[in-house]
Amino acid sequence: MSHTTTVEAHAPAPHGHAEPNGFMKYLWSTDHKIISFQYMFTGMAMALIAGFMAYVFRMQIAYPGLNVPLFGHVSPDVYNALITNHGSIMVFWVAMPVLLAGFGNYLIPLMCGCDDMVFPRINRLSYQLFLLSAIVLLVSLFVPGGGFGGAWTAYPPLSAQAKYSLTPMGSTLWVIAVALEFVAFLLGGINFIVTAMNARAPGMRAFDVPLVVWFIVVASLLFMASVGPLIAGAVMLLFDQNLGTAFYNPTRGGDPVLWQHLFWFFGHPEVYVVLLPAMGIVAEIITVFARKKMFAYKTVIYTVIATGALSFFVWAHHQFVAGIDPRMANVFTVTTVLISIPIAEMCFLYIATLYGGSIRFTTPMLWALAFMAEFLIGGVTGIYLGASGADIFFHDTYFVVAHFHYTFYPIAIIGGMAGLTHWFPKMFGRMMSERLGKIHFWGTIIPFNFIFIPMFFLGLSGEHRRIYDYTHFPDLATPEMQALRIMSTVALVVMLLFQFVFLWNFIVSAFRGRKAERNPWKATTLEWTTESPPPHGNWAELPTVHRGPYEYATPGRDTDYWPQNEKA
Amino acid sequence: MSVKTIATQRASMNIPTGRLAVWWVLLSEIVIFGGVLASYILHRLGHPEWAEQAAHTNVWAGAFNTLVLLTSSLSAVLAHQAAEKGDGPKAARLLQLTVFGGLVFLIVKTFEWREEIIHGYTLQAGGFWSYYYTAAGLHAFHVLAGMVIMLWVANTARKNQELHRVENIGIYWHFVDIVWIFLFPLLYIAK
Amino acid sequence: MLLNLPRAATFAGEIDGLVVLVTWLVGVWFFATQIMFFWLMWRFRAGANPKSQYITGKEPHLKRWINIPHLLILLCDIVIIVAAVRVWVRVKQTLPPADDTVRIVGQQWTWAFQHSGSDGALDTADDVWTSDTLHVAEGKTYHFLLESRDVLHSFFVPVFRLKQDAIPGRTITGWFKPTRTGTYDILCAEICGIGHGIMGGRVVIASAEQHAAWVQQHSAVASATPTDTTAVASAGASN
Amino acid sequence: MSAHSAHGHAPGAHAGVAPHGPHRNYVKIWAILVALLVISVVGPMTGIRVVMLTTAFGIALVKAYMVAKNFMHLDIEKPIVHWLLIVGLALMVLLYGALAPDIQKGEGQYWKKDENFHKSFTPEKPHTGGGQAQPAGGSGAGTPEHGHP
Chain Z
1 MSHTTTVEAH
11 APAPHGHAEP
21 NGFMKYLWST
31 DHKIISFQYM
41 FTGMAMALIA
51 GFMAYVFRMQ
61 IAYPGLNVPL
71 FGHVSPDVYN
81 ALITNHGSIM
91 VFWVAMPVLL
101 AGFGNYLIPL
111 MCGCDDMVFP
121 RINRLSYQLF
131 LLSAIVLLVS
141 LFVPGGGFGG
151 AWTAYPPLSA
161 QAKYSLTPMG
171 STLWVIAVAL
181 EFVAFLLGGI
191 NFIVTAMNAR
201 APGMRAFDVP
211 LVVWFIVVAS
221 LLFMASVGPL
231 IAGAVMLLFD
241 QNLGTAFYNP
251 TRGGDPVLWQ
261 HLFWFFGHPE
271 VYVVLLPAMG
281 IVAEIITVFA
291 RKKMFAYKTV
301 IYTVIATGAL
311 SFFVWAHHQF
321 VAGIDPRMAN
331 VFTVTTVLIS
341 IPIAEMCFLY
351 IATLYGGSIR
361 FTTPMLWALA
371 FMAEFLIGGV
381 TGIYLGASGA
391 DIFFHDTYFV
401 VAHFHYTFYP
411 IAIIGGMAGL
421 THWFPKMFGR
431 MMSERLGKIH
441 FWGTIIPFNF
451 IFIPMFFLGL
461 SGEHRRIYDY
471 THFPDLATPE
481 MQALRIMSTV
491 ALVVMLLFQF
501 VFLWNFIVSA
511 FRGRKAERNP
521 WKATTLEWTT
531 ESPPPHGNWA
541 ELPTVHRGPY
551 EYATPGRDTD
561 YWPQNEKA
Chain G
1001 MSVKTIATQR
1011 ASMNIPTGRL
1021 AVWWVLLSEI
1031 VIFGGVLASY
1041 ILHRLGHPEW
1051 AEQAAHTNVW
1061 AGAFNTLVLL
1071 TSSLSAVLAH
1081 QAAEKGDGPK
1091 AARLLQLTVF
1101 GGLVFLIVKT
1111 FEWREEIIHG
1121 YTLQAGGFWS
1131 YYYTAAGLHA
1141 FHVLAGMVIM
1151 LWVANTARKN
1161 QELHRVENIG
1171 IYWHFVDIVW
1181 IFLFPLLYIA
1191 K
Chain S
2001 MLLNLPRAAT
2011 FAGEIDGLVV
2021 LVTWLVGVWF
2031 FATQIMFFWL
2041 MWRFRAGANP
2051 KSQYITGKEP
2061 HLKRWINIPH
2071 LLILLCDIVI
2081 IVAAVRVWVR
2091 VKQTLPPADD
2101 TVRIVGQQWT
2111 WAFQHSGSDG
2121 ALDTADDVWT
2131 SDTLHVAEGK
2141 TYHFLLESRD
2151 VLHSFFVPVF
2161 RLKQDAIPGR
2171 TITGWFKPTR
2181 TGTYDILCAE
2191 ICGIGHGIMG
2201 GRVVIASAEQ
2211 HAAWVQQHSA
2221 VASATPTDTT
2231 AVASAGASN
Chain F
3001 MSAHSAHGHA
3011 PGAHAGVAPH
3021 GPHRNYVKIW
3031 AILVALLVIS
3041 VVGPMTGIRV
3051 VMLTTAFGIA
3061 LVKAYMVAKN
3071 FMHLDIEKPI
3081 VHWLLIVGLA
3091 LMVLLYGALA
3101 PDIQKGEGQY
3111 WKKDENFHKS
3121 FTPEKPHTGG
3131 GQAQPAGGSG
3141 AGTPEHGHP
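Protein chains in written order, with the numbering used here: chain Z, 1 to 568; chain G, 1001 to 1191; chain S, 2001 to 2239; chain F, 3001 to 3149.
Note that these hints are calculated values from the structure, not bench results.
By construction, the Cβ of each residue, glycine as well, lies at the ideal position given by its N, Cα and C atoms.
Please note: incorrect hints may appear among the correct ones.
[Unchecked claim] If you want the ones that stay clear, here's a sample from chain Z, every Cβ over 12 Å from chain F, calculated: (1) Met24; (2) Ala45; (3) Leu131; (4) Leu221; (5) Thr362; (6) His405; (7) Ile439; (8) Ile453; (9) Ala510; (10) Glu551.
[Stated by the list, open to error] Some, not all, of what chain Z presents toward chain F, calculated at C-beta under 7 Å: (11) Thr251; (12) Asp255; (13) Met328.
[What the hints assert, rightly or not] Straight-line alpha carbon distances no greater than 25 Å define the calculated DSS-like cross-link-like pairs of lysine-lysine that follow: (14) F:Lys3069 / G:Lys1090; (15) Z:Lys298 / S:Lys2063; (16) Z:Lys33 / G:Lys1191; (17) G:Lys1004 / G:Lys1085; (18) G:Lys1004 / Z:Lys25; (19) G:Lys1191 / F:Lys3105; (20) Z:Lys163 / F:Lys3113; (21) Z:Lys298 / Z:Lys25; (22) Z:Lys163 / F:Lys3119; (23) F:Lys3119 / F:Lys3105; (24) Z:Lys567 / S:Lys2063.
Taking the hints into account, I'd like the entire structure generated from these sequences.
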C-alpha cells in the first residue's frame, strides 16, 4: 500500500514528454490505448479481406464456374487458397487481435486502474510482430504457385510436401505467418496476465476485477499453455517443407497424425481463447444495460476456470475419424460432452442476470443479447459433434461448418460489435448513432441466420466441406440442395453490404458524433471514471477501489449505480 | 520511455512484476520445449532402430557443454547475489562471465555439428538426426537470445540501475540450463 | 432418415437414431432456454420495470433455477455419452465376421478399389481393381482395408453414414454391410489438394446374384492380365 | 491476493530484489552438480541398460531439481509460481500420454502402421499417379488442373 501511494504521487509526471508526436505517435506509441486501436483496425481490415474471400467462394459454390463480379474465375487451387486463408484470417487475424489484443489492451489497464500495461514496449513489439505476420500472410497469397490451399488446419503431408500441395512458397509463408502471430500473442498474453495480476489499483482484490478482465486473463493463460507444442510443430513443419526432414513424412519414419494432435492440442483451447473475451464483453454490457449486479459473480469465474481447464482434455474430438485409435475416442467423447456443464452454467447465469433487471435495448445491449441467443445454437449443435457416434457422419460435413460459424461468428463479429459499440464513447469521446447502429444490427443478424441455417441441412444431407463445385457429385447436385446454397450465398452478400452501414456510422461518429461525457452509460467500472477519451496515463490521479464491479441498484442509494472508486 | 509506468512498479501479488513475467515466459517455454521433446520421445520409443543413429553422437562434447552451462549458471546466480547486495559492477562482470560461458557452449556446438555434418549425419540423415538438430538448435537459439539480453542487462547493472533484471535474466538462464540437463541424456546418453 | 438421405448400411439407422436422440435431449433444453431468455427480456424491459432489483445470486430460491436444470443437463449428458459410445463401439470398435474384403486406396485424386474377385481372397490373381466405383453386394458383410498413397483422404459414404480418414503409412480396417441396392456417392471428406473438389466415386450395391455375375466377368479379365497395382490405371474400363 | 498487503519491493534501484532467505553456498551446490554430471557420464560405460537409464535420467531429474531449488530460488518463491510450472509440466505429460497410443504405437485397434507402404505402390510420383489412374469420365468427374502449378 505504502509504496503504491508514494509512487503515484508523481503519477502524471512520467508521461507527456515521453511520447513522440504526429503520425509517429500513432505508429510508435507505447500507449496501450493506441496499441489497442492498432490491433482493432488491423483486425477490421483483415475482416474485410476475409469477408471478401467468403463472398468470392460462396459465389463460386452457388453459381459454379461463374465469373465472380469483382474477382473473376475461381479455379480449384484459388478456391482452396480462399477457404484456407478465410479460415486462418478469421481466427488468427480477426478474432484474436480484435477480442483478445484489442479489448485486452484497451480494457485491462483502464479497468484495473493503472496508467498502462506493465511492459509498454513489449506491448508495442507484440503489435509490430503481429502486423508483420499479417503482411506475410497477405504476401503468401500472391507468390508463385499461389496461396496455401491445405485448409486452416494445414494437415501434412499435404501441407508438408510441395509435390502434393503444389504451393511451395505459399505453404511456407503461411506457416511462418502463423508462427509469428503466435509469438506476438505470447508477448501480448504475458502483458495481459501480469498487468491484471500485479498492477491492480490499490484496494482492488481479485474478486473486485471486472469479469471481462478475468476472462481475458484466463484466455491468455489458455493460449500460453497450449500454443507451445504447435509452435514446435510449426518449426518441424517448416523443416519438412524446406529442409527435407521427415517429421510428418510416413515414408521416412514420420507420422502425419502427430501434427493433427499438436494442432488440436492448441486448436481447441484456442476456441475458448477467443470465446472468453467475447463472453466477458457480453457480461459487462448485460450488467450495465440491465442495471443489474452479475448473477453469482464468483460462480461465473469458477465456471470460466472450469471451462478453461476442461478445454485441455477435449482436443481429439476433432480427430474422431482421423485415424486415431478408436479407444481414445471414447475418452474424448466423455470430456467433450461434459464441457457443456460449465458452459451451460455460464449461459444460465448470464440469462439469470436479466431477472429483475431494467433492460434498456441500446445497440450494444442488442448485440450482447444476440450473442447469447445465437451462441446457444452454436453450443447445442456442438453436442452432435462431440458425440463420437454421430460425428462419424457429421465430421467434415457442412454441419460442422454451420456449427463453428454459429460459435465463431457470435464471438468474433457479434461480440466484437457489442464491445465496439459499448466502449466507442470511451475510445473516441463521441457517441455512435443509435439509429444507424440498430439498422446495422438487424441487417447483420437476420442475414446471418439465413447464411448458416441452410448449412445445417446441407450437412445433414451429406454435403462435405471444401468443395468448389458440387455438380461433380450426383447425390449432392440436386436442385433443392443448390437452392439452399444459393440462399446462404445471397444472405451473405446482403450481410456484407450492411457492414458498410457500420463503417459509415463508425467513421462519421468518430469525427462528428455527439460529444460523450465521462460515463454515458452510467456504469460502475473504472474506465468510466476518466475523461472520454482517456489521456495518456489514463488518470490525472490513479483511482483507488472500494467495492466490486457490478454495484447496480444497491439498496439505500439514490443513484442506481455505485462506481468502484467512489468513497463509501 | 526513460521513466517507468506506474503499472510496472505495482506488485499486487507481492512478486516483482519483472520476475512474475519471467515465470510466465518460462511457462510458455516449458510447453514449447515440451512439444518438441514429447514428439521426440514418442518417435524414439516407437522406433528402436533410431538407437543406432543415436550411437554416433559425441557424448564428450555434450558432457563438456553441460559442464559449461552448469558453470555459467553458477556465475549467473552469483551475479544475482551481488545484485542483491547492491553491487552493480560486480553483478555486471559476473553476467559477462555467464555470457562468455554461453559463447563457449555455442562454439563447442558449432565444431560438434561441423564434425557430424562432415560425416554425413545431416538434418536429413534420419529421424533421430532431425530431432537432434531441431531440439538442440531450438535450445541453442535460446542460449543466444539469453546472451544478448544478458549483455544488455549487464550494461545497465554496471551503472547500478535496474538491478532486479539481473535476477530475472538469471532465472531464464537457469531454465535454459535445465532444458539442456534433459537434452543431454535424451540426445547423447540414451543409446 | 436424415432428410432425403437413404440408409444403405446396417449401422446407418443406429447413427440416425443417435442423432434423433441428441436432437430431442438438446432441443428441449435449447427451446426452454431461449423461451426463458426472451421472456425475461420482455418481462424486465425498462418500460415495464423502471427500477431494477438488487440480486447477488446467492438467494436460494433463485439459485434453484440454475442448480436444478444444471443437474438435469448432467443427466442428459450421461445419456448422450452412453448412446454415443454404444454406436461408436458398434461401428468402429467391432469387426463382425466378413463375407468379403475390399481394399480401398485413396490417392490424389481418386479412389481405387481392390475387389477380392471370385475366390473371395485379396491379393490373388483374380482380384478386380476398379477406380472410382466400388461394387458390393446387398446383405453381405464387408471388411475394408483403407490405405492412402500420398496425402490424407477420407472415405465417406453418406448413405452408409460411414466416414474414415485414410492415412499414408497406415492400414485401417473397418466394416459395413449394405442393406439396399442402388448407386450412391462416395466422397473424399478430407482436403487433399487442388483436385479435392473432383475426388469422388460411386458405390454400386447390387443384389447378390448381379454382384456375383459382375465378379465372374471381371475376375476372368483380371486373372488374364498380370495383377499388380498398375492395374488401377487400366481397370477404369470396368466401370 | 490483496493490494493491501503489497509491501515495497517495487520502487527505487533495488526494485524486485526480494530478500532471498538464508545465504547459500552456491559454489558447493555447483560442485555437487558437476559430480552428478560425472556419474551420469560414467554410468552408461557400465553398459548395463538399467544403470544407464537410471544414471542418465534419474540424475537429470536431481540436477534439474537442485538448479531450480537453489539457483532459481523456487523453494522460497510464491505458490502461484509453483502452480504455473506444475500446470505446464502436467500438460506436457498429458500431451505425451494422449499421443502415445497413436504416435508411439505401431498398431492399435484395427489399424497398423507400415512404413514401407509406398514401396508396394507403383513408383511414380503419387499425384501424377492419381491423375493417370483417374479414367476419363469415371464418375463423370473429369480431372482438370492436373500438374497445374
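Against the structure, the hints:
{"no.": "1", "hint": "Met24", "verdict": "holds (29 Å)"}
{"no.": "2", "hint": "Ala45", "verdict": "holds (30 Å)"}
{"no.": "3", "hint": "Leu131", "verdict": "holds (29 Å)"}
{"no.": "4", "hint": "Leu221", "verdict": "violated (8 Å)"}
{"no.": "5", "hint": "Thr362", "verdict": "holds (34 Å)"}
{"no.": "6", "hint": "His405", "verdict": "holds (28 Å)"}
{"no.": "7", "hint": "Ile439", "verdict": "holds (43 Å)"}
{"no.": "8", "hint": "Ile453", "verdict": "holds (30 Å)"}
{"no.": "9", "hint": "Ala510", "verdict": "holds (36 Å)"}
{"no.": "10", "hint": "Glu551", "verdict": "holds (19 Å)"}
{"no.": "11", "hint": "Thr251", "verdict": "holds (5 Å)"}
{"no.": "12", "hint": "Asp255", "verdict": "holds (5 Å)"}
{"no.": "13", "hint": "Met328", "verdict": "holds (6 Å)"}
{"no.": "14", "hint": "F:Lys3069 / G:Lys1090", "verdict": "holds (24 Å)"}
{"no.": "15", "hint": "Z:Lys298 / S:Lys2063", "verdict": "holds (13 Å)"}
{"no.": "16", "hint": "Z:Lys33 / G:Lys1191", "verdict": "violated (55 Å)"}
{"no.": "17", "hint": "G:Lys1004 / G:Lys1085", "verdict": "holds (23 Å)"}
{"no.": "18", "hint": "G:Lys1004 / Z:Lys25", "verdict": "holds (18 Å)"}
{"no.": "19", "hint": "G:Lys1191 / F:Lys3105", "verdict": "holds (20 Å)"}
{"no.": "20", "hint": "Z:Lys163 / F:Lys3113", "verdict": "holds (23 Å)"}
{"no.": "21", "hint": "Z:Lys298 / Z:Lys25", "verdict": "violated (40 Å)"}
{"no.": "22", "hint": "Z:Lys163 / F:Lys3119", "verdict": "holds (18 Å)"}
{"no.": "23", "hint": "F:Lys3119 / F:Lys3105", "verdict": "holds (22 Å)"}
{"no.": "24", "hint": "Z:Lys567 / S:Lys2063", "verdict": "violated (31 Å)"}
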